[in-house]
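Protein chains in written order, with this note's numbering: chain E, 1 to 300; chain D, 1001 to 1423.
Worth flagging that the hints you see were computed from the coordinates, not collected in a lab.
Glycine included, each C-beta is placed from N, C-alpha and C at the ideal position.
No incorrect hints appear here.
Selected chain D positions facing chain E (Cβ under 10 Å, derived; list incomplete):
| # | residue |
| --- | --- |
| 1 | Ser1012 |
| 2 | Leu1013 |
| 3 | Asp1080 |
| 4 | Ala1082 |
| 5 | Phe1086 |
| 6 | Arg1091 |
| 7 | Ile1094 |
| 8 | Ile1237 |
| 9 | Gln1240 |
| 10 | Lys1253 |
| 11 | Asp1283 |
| 12 | Lys1345 |
| 13 | Ser1405 |
| 14 | Glu1415 |
Below 27 Å or equal to it, Euclidean Cα-Cα: the simulated DSS-like pairs (lysine-lysine) are:
| # | chain 1 | residue 1 | chain 2 | residue 2 |
| --- | --- | --- | --- | --- |
| 15 | D | Lys1335 | E | Lys160 |
| 16 | E | Lys54 | D | Lys1243 |
| 17 | E | Lys48 | D | Lys1260 |
| 18 | D | Lys1341 | E | Lys174 |
| 19 | E | Lys48 | D | Lys1243 |
| 20 | D | Lys1399 | D | Lys1177 |
| 21 | E | Lys54 | D | Lys1287 |
| 22 | D | Lys1261 | E | Lys48 |
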Amino acid sequence: MLANNNYLKELESESIYVLREVAAQFERSALLFSGGKDSIVLSYLASKAFAPAKIPFPLMHIDTGHNFPETLEYRDKWVERIVARLVIRYVQDSIDKGRVQEETGYNASRNVLQTVTLLDAIEELKLDACLGGARRDEEKARAKERFFSHRDEFGQWNPKNQRPELWDLYNGRKNMGEHFRVFPLSNWTELDIWQYIKLENIPVPALYFSHEREVVERNGQLLAKSAYLNLRENEESKTMQVRFRTIGDMTCTGAVPSSASTIDEIVAEVAASRVTERGTRADDKRSDTAMEDRKKVGYF
Amino acid sequence: MSNHKFSTPQRSLLRFITAGSVDDGKSTLIGRLLYDARSIFEDQYEAIKQSSRQRGEAQVNLALLTDGLRAEREQGITIDVAYRYFSTSQRKFIIADTPGHIQYTRNMVTGASSANLAVILIDARHGITEQTRRHSLIASLIGIKHVLVCINKMDMVGFSKEVFEKIRSEYEQFSSKLQIVDVQFIPISALGGDNIVEKSANMPWYGGSTLLYILENIHVAGDENLIDCRFPVQYVIRPQNDKHHDYRGYAGKVAGGIFKKGDTIMVFPSGVVSKIKSIETADGELKEAGPGTSVTILLEDDVDISRGDMLVRENNQSSVGRDIDIMVCWLNEKKLIPGGKYAVKHTTHDARCVIKEIHYKININTLHRLEDDKEIGLNDIGRISIRTTRPLFYDNYRKNRHTGSLILIDEATNETVGAGMII
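If we strip away everything but chain E, and leave its shape as in the complex, we get (with noise of 0.2 Å):
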């Protein structure tokens, strides 16, 4: 009897609901966009909520300059399909601002750096909400995140003190100078994402698909071959039939072998699979604890 008996479209109206909240809660929200899925999707749903209007909010992309290229030539597509403005910040500025001192030696990588640009983008365009694609069941510190996540005045989330959240009612009061970190994906899975880009028929870039790519192998990861990766003196690479299951930059986004070339593929084998995404993380290796860490002093 009812339109939304359908779980997906449950979570759809849940996360639209959370996005104009967004936008009649604040005064200036951006939405942090990397090219992968769930920011894709995050950003689709946002040109439903306020259709037929624009999206009130950009689209910021901190870029780290160690990007797929197929990623900015999605992005770019994307923004005009879906008539969004889009603000990019660079890593690579901080690096020559001296804001950041750059990693050095093998799994040298710029993920961490990031932090830095995001938050000095925050101060100088005076943000004070910033949407972002992150979903509970990814890891285990964002099992524990809010849909309105308050950081202080350093950008900092403290886990111990977060505001109770109850029922549909998103408490977004802040002092000058904090703000909030709001995630309208909290509810969604992995395959609750690719289910839906399927039935909505959204496209999304090649890197997902299975392809040839040339890979290193290193800590039971497949990381792409490139100009940014240092190899070992006993690396070699070696071409390999592969997809992205999640798409980063590019020293710290490993590839899973797979023969998955269509959406139905990449559904049935993210329905079947016994490793989650965040395993093909680098980034998340670095200790048992390292998104709460990186979270805790501003990440994403």
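Given the coordinates of chain E, assemble chain D onto it according to the supplied hints.
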């Protein structure tokens, strides 16, 4: 093991909360459900297996799956509500897993506020405890209509029917005083998997269904109010371009009733009457929209409506007023201040209020009213009167969870300090 995860999107969503003390086997039960529904992944399992070994524990500690924060792992306690997800071919499930120690009320209320169902665990060896009563009272108070009482560790009492029946009749006696519509009892052993996913061969005397079967099939759609039309306006959409020059859409989520195209509606607080011209979503027009659906409503007439206003039916209006009685659950270390002023959030409406009177506090173990003890601190529940700066458009919480709930916010710290259910 069958693969439950292949499924079509034609499923509904069930949100439930698990309640039980630390030793009742709650983590084991959740672990068992997730494992049997193939929702614990190998890398997650490997990680907790390693952590368990490092901590010198002989068995894999499934609690580590939900205790995600550094402090929780260090202290071996759960601090906060954790949300877990799993799905079967029938349904998608969201579990709000709340901590089992004494300071429970705040977290249980938080987790329960969005739940349709509560799973309450009882250790068969100990029977009903103070905690059981407390959990059941909170579930009742927060308006959960379905409770599954799982009598766990049946293996430790020889799978005895008598033990099960004794606990069941004791619980029924006590719960008859509560406002829970639907209570079911299941004898289980979370450790052995008895009556969780598969029917137990050890308890042939039990004629009921397994826990998972009930979770998959229980009917919860009727929990929403489908009669009384309520639409709190959340955001006004005005494209202001040539194509949509005069477009004025009222965006929001239906909080009650079924709104239909052509319906005559009334706007609170102005009292203006108009007709629904269309109900829109980005996917096109809808003929009708029910509770939980995010839509945009357009009206026939050009009326002045903004966030916080509410659309109702002329012959079925909500209450309107500034003097409101609520049951409040206190969520903060700083006690409720009699005569104090707080910010209020109610539907999409913001206001301020003053605490006029504290009537009584509830003893959450006996359900007795404590008329002499009116100090309301962290985890306390009591009945109070507030007066708001602006009229609220509200319903009794029993009638509608969306228009009957509000939160109180400390204006100095901006923390959410109270959860209120309108009486």
